[in-house]
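Student: Since chain C is already given, all that's left is putting chain R on it; use the hints.
In order, the protein sequences belong to chains C and R. Per the numbering used here, the first sequence starts with residue 1, numbered consecutively. Per the numbering used here, the second sequence starts with residue 468, numbered consecutively.
If you're looking for bench data, these hints aren't it; they were derived computationally from the structure. Among these hints, one or two may not hold up.
As the list claims (entries may be wrong) - No more than 20 Å apart at the CA atoms, straight line, and that leaves these computed lysine to aspartate or glutamate pairs for DMTMM-like:
| no. | chain 1 | residue 1 | chain 2 | residue 2 |
| --- | --- | --- | --- | --- |
| 1 | C | 324 | C | 163 |
| 2 | C | 409 | C | 322 |
| 3 | C | 64 | R | 508 |
| 4 | C | 192 | C | 352 |
| 5 | C | 294 | C | 98 |
| 6 | R | 556 | C | 322 |
| 7 | R | 608 | C | 54 |
| 8 | C | 329 | C | 369 |
| 9 | C | 195 | C | 211 |
| 10 | C | 64 | C | 54 |
| 11 | R | 522 | R | 511 |
| 12 | C | 158 | C | 96 |
| 13 | C | 192 | C | 369 |
| 14 | C | 64 | R | 496 |
| 15 | C | 64 | R | 543 |
Unchecked claim - Simulated restraints on C-beta separations:
| no. | chain 1 | residue 1 | chain 2 | residue 2 | range |
| --- | --- | --- | --- | --- | --- |
| 16 | R | 553 | C | 263 | 47 to 53 Å |
| 17 | R | 553 | C | 102 | 43 to 49 Å |
| 18 | C | 437 | R | 583 | 15 to 21 Å |
| 19 | C | 83 | R | 583 | 56 to 62 Å |
What the hints assert, rightly or not - Example chain R residues on the side facing chain C (calculated, C-beta under 7 Å, incomplete):
| no. | residue |
| --- | --- |
| 20 | 507 |
| 21 | 542 |
| 22 | 564 |
| 23 | 618 |
A virtual CB, placed ideally from N, CA and C, is assigned to each residue, including glycine.
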Amino acid sequence: MATDTKTKTTALVDAEQLLRVPSAAPLVPFPVDVQVPDAARQTPAVGQRATRPDCRLHGLGQTKYIDDMYLPGMLFAKIKRAGVASARIISVDTSEAEMTPGVMAVVTGKDIPCNSFGPSLKDQPVLADERVFYAGDGVAAVAAVTEQIAADAIEKIKVEYEELTPVLDPLESLKLETPGVHAPSANIYGHKIIKKGDIEKGFAASDHIFEASFRTQMVEHVPLEPHSSLAQWDANGRLTVHSTLGRITLGRADIARTLGIPMSRIRVVATVVGGNFGGKNEITTEPVIALLSKKTGRPVKCTFTRPEEFYASTTRHPLIMDYKTGVTKDGKILARKIRLVLDGGAYCSWSETTLGKACILSAGPYQIDNLVAEAFVVYTNKTMTGAMRGFGAPQVCFAYESHMDDMAKALNIDPLEFRLKNVLSEGSLSPTSQTLHSVVVRESLLQAAQRFGWKPKTAPEAEGAFA
Amino acid sequence: MVTVSMNVNGEKRTASVAPETTLLKLLRESFNLTGAKLGCDVGDCGACTVIVDGKLVNSCLMLAPQAEGREVLTIEGLATQDRLHPIQKVFEDKGSLQCGFCGPGVIMSAKALLDQNPNPSVQEIRDGLAGNLCRCTGYSKMIEAIQTIARERTA
Chain C
1 MATDTKTKTT ALVDAEQLLR VPSAAPLVPF PVDVQVPDAA RQTPAVGQRA TRPDCRLHGL
61 GQTKYIDDMY LPGMLFAKIK RAGVASARII SVDTSEAEMT PGVMAVVTGK DIPCNSFGPS
121 LKDQPVLADE RVFYAGDGVA AVAAVTEQIA ADAIEKIKVE YEELTPVLDP LESLKLETPG
181 VHAPSANIYG HKIIKKGDIE KGFAASDHIF EASFRTQMVE HVPLEPHSSL AQWDANGRLT
241 VHSTLGRITL GRADIARTLG IPMSRIRVVA TVVGGNFGGK NEITTEPVIA LLSKKTGRPV
301 KCTFTRPEEF YASTTRHPLI MDYKTGVTKD GKILARKIRL VLDGGAYCSW SETTLGKACI
361 LSAGPYQIDN LVAEAFVVYT NKTMTGAMRG FGAPQVCFAY ESHMDDMAKA LNIDPLEFRL
421 KNVLSEGSLS PTSQTLHSVV VRESLLQAAQ RFGWKPKTAP EAEGAFA
Chain R
468 MVTVSMNVNG EKRTASVAPE TTLLKLLRES FNLTGAKLGC DVGDCGACTV IVDGKLVNSC
528 LMLAPQAEGR EVLTIEGLAT QDRLHPIQKV FEDKGSLQCG FCGPGVIMSA KALLDQNPNP
588 SVQEIRDGLA GNLCRCTGYS KMIEAIQTIA RERTA
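Chain C on its own, in the form it takes in the complex (with noise of 0.2 Å):
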């Protein structure tokens, strides 16, 4: 490499050459040969049994979670649920519920200073004021000196709902005529499309194009522990919330967007958190407890039911997922056009980021050189979709993989064999034409085949049945 250079270098002695010549790094070589250090002589750690730090507590249950802290004089806070998918407010009547003993405050939607917050897309209210998107939506909240009154005190709590008719069908809220979740915006909040190759080229080449629709359900993160936040003022006007929050630098931010106070008057806590699976990620009914808290001078937690951690949480987006892939007769992938619809539920929470991971992993660890990907993500009148663990990389994991096994029965090579034909190796272009590093596919399945004893049940032919 060193001659290379210096004879480069010599042909251009010409100095008005060479000044024309784009000045760039001289090529110099490194040393290429890096010395990697054997991590257990590293440090002594590596290879150690290690003991998790906090079991201890956790097996003594001496572990404080959100819902085992009681201060002295706190309140106990409940949400009242709208209960219908989509409705216009015409009124809510608090007066009963204010006047039950024990109650010492009520908020409504009216209440909050700055009515929305989100992650990506404000478009979530703290409670309801004027419209319901979903059964979830608080409308208004109760503080009271136990539990079981602030429950009853709920149920007196008069909602009067003009009911509208409610967008359930994710397919219905993608096209253009049906009525806006929340109009006037569209349904179609997130849009996201990825190609590679010619499409149509790579379709003409196919001897055999295989198309096929995957559906997944909405799935709820189910933790443990249900969400809990404990809200309290200190004389000086400062806000502490301890709150089972994953992310507490953006739960610092919506509180302070939504009750219109900067966020240097904030403390977020976060304590142990009882298994998170991505539905703690944003904050719930925060700034409604730290309300009723300034209402009433005392501490105030609420912690949900667990009926309210399947409909008023986020949950995992259901995907409707068309594939169409076009394949050679023996067994190489040409063409594929993949066709994702999110359902979003009633707000955007983290579907942006979902629909971006789902789109670019749909073609699937396969080398798929002519490739269309499209996704959309379309507000429903449901229960709102956001984080869960693998951010929609499941959902697309489900079809692609249900989709090869199909198609390798119906072009009878063995569904192994399929795959290696078509899997992602050292260097290869990712669906966005990153390269890649590292890849390990093939080796992954080989071995797991050997450890479990596949083998193939029809004999790889390469003249299929529709040969």
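Tutor: Just chain R, lined up with the frame of chain C:
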């Protein structure tokens, strides 16, 4: 309000509570024993498991007055000042708990199981933990931990 008194972890405790108060609420709010957790409030998840007169109970389903005069053992009653209960020790060694929310309930179920059956099979352990849900671990390390104790005890 009703006055209830019972023996909790070897100590006589008395409290005055509303009659609809569950044993779980009594333990957590009146006695400050927050080891038993409220997970589902309908007896499905087992996070509230305690032992009453030697039998496993979902304390969210038992009213406080029903425990009147009985022996209640909670997770706080297992360890002594200077010694972990063997189940707590082995759960720690094996890393059987992750978020830990189900832990107290699982350990109480494991204790009740081992008290009745000192050398349970894997299937018997699974049956013994059937009333306790865990969302983090997949149960395998808990089963491994209980097997380890059984082996140590019968050896």
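Student: Keeping to a limit of 20 Å between CA atoms, is the pair of residue 64 (chain C) and residue 543 (chain R) held or broken?
Tutor: Within the cut-off at roughly 13 Å; holds.
Student: Given residue 564 (chain R) as an interface hint, is the shortest Cβ-Cβ distance to chain C below 7 Å?
Tutor: This hint holds: residue 564 (chain R) lies near chain C, its Cβ roughly 5 Å from the closest one there, short of 7 Å.
Student: Do residue 553 (chain R) and residue 263 (chain C) keep their Cβ atoms within the hinted range of 47 to 53 Å?
Tutor: 48 Å, holds
Student: For the pair supplied as a hint, residue 324 (chain C) and residue 163 (chain C), confirm whether the alpha-carbon distance does not exceed 20 Å.
Tutor: 40 Å, violated
Student: Measuring from the C-beta of residue 542 (chain R) to each C-beta in chain C, is the shortest one below 7 Å?
Tutor: Holds, about 3 Å.
Student: Residue 556 (chain R) and residue 322 (chain C) were given as a pair; does the straight-line alpha-carbon distance stay at or below 20 Å?
Tutor: Roughly 51 Å separates the two Cα atoms, so the pair is violated.
Student: Below or equal to 20 Å on CA atoms is what counts here, so check residue 192 (chain C) against residue 369 (chain C).
Tutor: 19 Å, holds
Student: Would the hint linking residue 294 (chain C) and residue 98 (chain C) be met if the CA-CA limit is 20 Å?
Tutor: 16 Å, holds
Student: Taking the CB of residue 83 (chain C) and the CB of residue 583 (chain R), does the distance hold inside 56 to 62 Å?
Tutor: With a Cβ separation near 45 Å, residue 83 (chain C) and residue 583 (chain R) fall outside 56 to 62 Å, so the hint is violated.
Student: For the pair supplied as a hint, residue 329 (chain C) and residue 369 (chain C), is the alpha-carbon distance within the 20 Å limit?
Tutor: 17 Å, holds
Student: Given the hint that residue 158 (chain C) pairs with residue 96 (chain C), test it: the Cα-Cα distance must not exceed 20 Å.
Tutor: Holds - the C-alpha atoms of residue 96 (chain C) and residue 158 (chain C) are around 9 Å apart, at most 20 Å.
Student: Given residue 507 (chain R) as an interface hint, is the shortest Cβ-Cβ distance to chain C below 7 Å?
Tutor: It holds, given that the least Cβ distance between residue 507 (chain R) and chain C is near 4 Å, below 7 Å.
In summary, the structure is inconsistent with hints 1, 6, 18, 19, 23 from the numbered list given earlier, while agreeing with the others.
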